[in-house]
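Undergrad: What follows is each chain in one-letter form.
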Amino acid sequence: MPIIKDGNPVSDDPWVLLEEDGDVPSSGDIIVPLELAQEKRERLSNHAGRLGLLVPNDVDVEDYADLIGKAELVVLQLPAFTDGRAYSQARILRDVLGYEKELRVKGDALPDQAAYLKRCGFDSFDIEGDFNADIWQRASSHMSKSYQRNYRDKLAHRSL
Amino acid sequence: MAKKLKGDQVFTGQLLREGDVVYLTADGSWAPDLQNACVATNDQEIETLEGLANEGVLKNLVVDVYPFVVVRNEAGDLAPDHIREKLRTAGPSIVYS
Amino acid sequence: MYIYDDFDETFVRERAAQFRDQVERRLSGELSEEQFRPLRLMNGVYLQLHAYMLRVAVPYGTLSSKQLRQLAMIAKKYDKGYGHFTTRQNIQFNWPKLEDLPDILDDLADVGMHAIQTSGNCIRNVTSDQWAGVASDEVIDPRPYAELMRQWSSLHPEFSYLPRKFKIAITGADSDRAAIAFHDIGLQVMKNKTQEIGFRVFVGGGLGRTPMVGKVVRDFIGVEDLLPYLVAILRAYNLEGRRDNKYKARIKILVHEKGIEAFQARVEEIFEGLDKDSLRAQKGELERIEAFFTLPDYETLDDKPASLSKERAENSAFHAWVMRNVARHRQAGYAIVNISLKPHGGIPGDATDEQMDLVADLADAYSHGEIRVTHEQNLVLAHVRQDQLFELWQKLEAAGLGTANLGAITDMITCPGLDFCTLATARSIPIAQKISNKFSDIERQNEIGDMKIKISGCINACGHHHAGHIGILGLNKKGEEYYQITLGGSGAEDAAVGEILGPGFAADDVAGAIDTLVNRYIQLRTTADERFLDVVNRVGLEPFKEALYADH
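Residue numbers (our numbering), protein chains in the order written: chain A, 1 to 160; chain B, 1 to 97; chain C, 1 to 552.
Isolated chain A (complex conformation) (with noise of 0.2 Å):
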């Protein structure tokens, strides 16, 4: 599946993911794995282009406080849907640590999720299978009320 932004896929997308043990080039758009991120942090602090972060599903993200300060994209992850623990991050991140650059969600997630994704405060989704954009669109607009207060709140809610 392409990424998704706003219901659309992004054709353009300019973010490169580098491998755990990979090279950094000197400019691009990249993503970082987080432990990466920590090894090569001098090199990184030149880097001609922008930074982006990979961040494993069982770190306290609160640990990483400073790199995800410098970050454009934090990039969290599911790998299975029923893996819930990134929505409490993105929580963190948003409501906690302040970040409010681009959160994107990547590995197996159903379009039936996105809707909690993006109350949680995830705004790019990057997740497997084919894109159809009759479901997603479906399938993450059914709900125009919720009990909560979500990120940047869009939907209606009342009381919590």
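Derived from the structure by calculation, the hints contain no laboratory data.
Don't take each hint at face value.
Chain A regions said to be covered by chain C (calculated; three or more residues, Cβ under 8 Å) [what the hints assert, rightly or not]:
hint : stretch
1    : 79-85
2    : 91-101
3    : 113-126
4    : 138-151
Ideal Cβ positions, reconstructed from N, Cα and C, are used throughout, including at glycine.
Position chains B and C relative to chain A; hints supplied.
TA: Frame of chain A; chains B and C shown alone:
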């Protein structure tokens, strides 16, 4: 999984729309009566039935397909060997509703 | 009780429409069964041994007569004329067709009901004390907080893909009728020294294969911090709960492995970092909810009217029912009526559509149109005039709903077991029926006194066997059902996990074994008031083991 079971086997599943318990017949259709089930007696037959059963899944006719062991009772009818399958075939053992 | 406004109504309608779309996508083949399963589970739809099963949420066990009538209609139109009330105060239909489910959900939405989060790895229906608001021992009515949590937990964006299911129970009384110590989170509403209302928070209780009694994680959290504090607990669990093994994925395992102190420290750390204002109920919301839970306009009546004494004196069956099934009400002249869904030899928790219709009518006539469901699988009419008890009882009795066995040996919690459930290893209902028939004599039941027997058909413990004074667990050995007996469990304020007595029994021998245990108890007790559980706690298991296994 199929091959680990000891004995003659039939394939069962539940109709996607209704949820009713059904059994795989020789022509690949699904019947509500165990007596219409096709019995596999060797590995090759089991494999053939498994292929037919999976077709039913792919066509979205049935879900949760699996094989179980059957025996012939005194009357010569097919009967499940395990308590779970006995109850599943016969329905709840109590008077309900 | 809480009445839906436009917001709630739209929410539930949209959710029903969403599920209709999901069912259509499944039937057309757009969704595979693997993709559909978690979606249907989030909406209470299981595939059971013989058919689909739909579990409908009854928030904290409260129903209006209109809602109960609609459940009766659904039972009749789409099912086989009955429903099964569960230990989570919900109702299950055992025979719906998948293709009918969208229509059923629309019918439920018509009366402000749904099946949201009655299964799946999310926050389940919040449960509470079935006598909330009217119990004589209640400190604070827990229902407004239960409703607040219902709303807060509904389609929660962060907590819908937890490691495992998550159950919250709340009580506001001294006697724990909601088994809060056996929930992922248990809340006791209370007042602190300065008379401020808040909650004692228990965490990590549960039954299943690893039964654990919940531990106090916070002695007191004020009302306005309830939701932020729940977020802190759920966030700690969502991030750190085990996902490698579904049998170790409940919060109780996390609390156990981390230790309560370390878990507590983690929760406090998260709690401190939260923007609490953004997580609190908005101003006025709790008050809006509370306004729905004011008590009905009771009349000024004599307590224990002379007519009642006369009716009791003249009719021993009525007297027995009042003794067992009628509880003290906070309002003079009123009573709490418990309707037993455990007729002798029947199926625990089942009610036919006619019975549901009748109870709805009786609720309208005698109890302000409100019905409660209990976690012990019975029903409650919470506002009955004492001078109308006799009339009400006669109508219940005529419909097979007058069994005078509440809290007695035949008032058993029983899971559906292998007669219905795909996970079960043995049948539960026939065992309950045999025990019920053996002890059907009401005088004998009264002689035995308070007794809680709880039966599960597998180690997942849906029948709460760990928490039974006598627990019965159905297992399978070489294709034969057999039953293990535990003693000394309790789901009340003295929460405890029962201990296994010894080797199990064949299905036909279980009722006889229970008889032996009961006879031994009657020999051992020092007063008629000493309950079975008290005796077990006093003398231990040995005398019971001797009685049961001496001949073997």
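Undergrad: Work down the list of hints and note, for each, if the structure agrees.
TA: Verification of the hints:
no. : hint    : result
1   : 79-85   : holds (count 5)
2   : 91-101  : holds (count 4)
3   : 113-126 : holds (count 6)
4   : 138-151 : holds (count 11)
The structure shown violates none of the earlier numbered hints.
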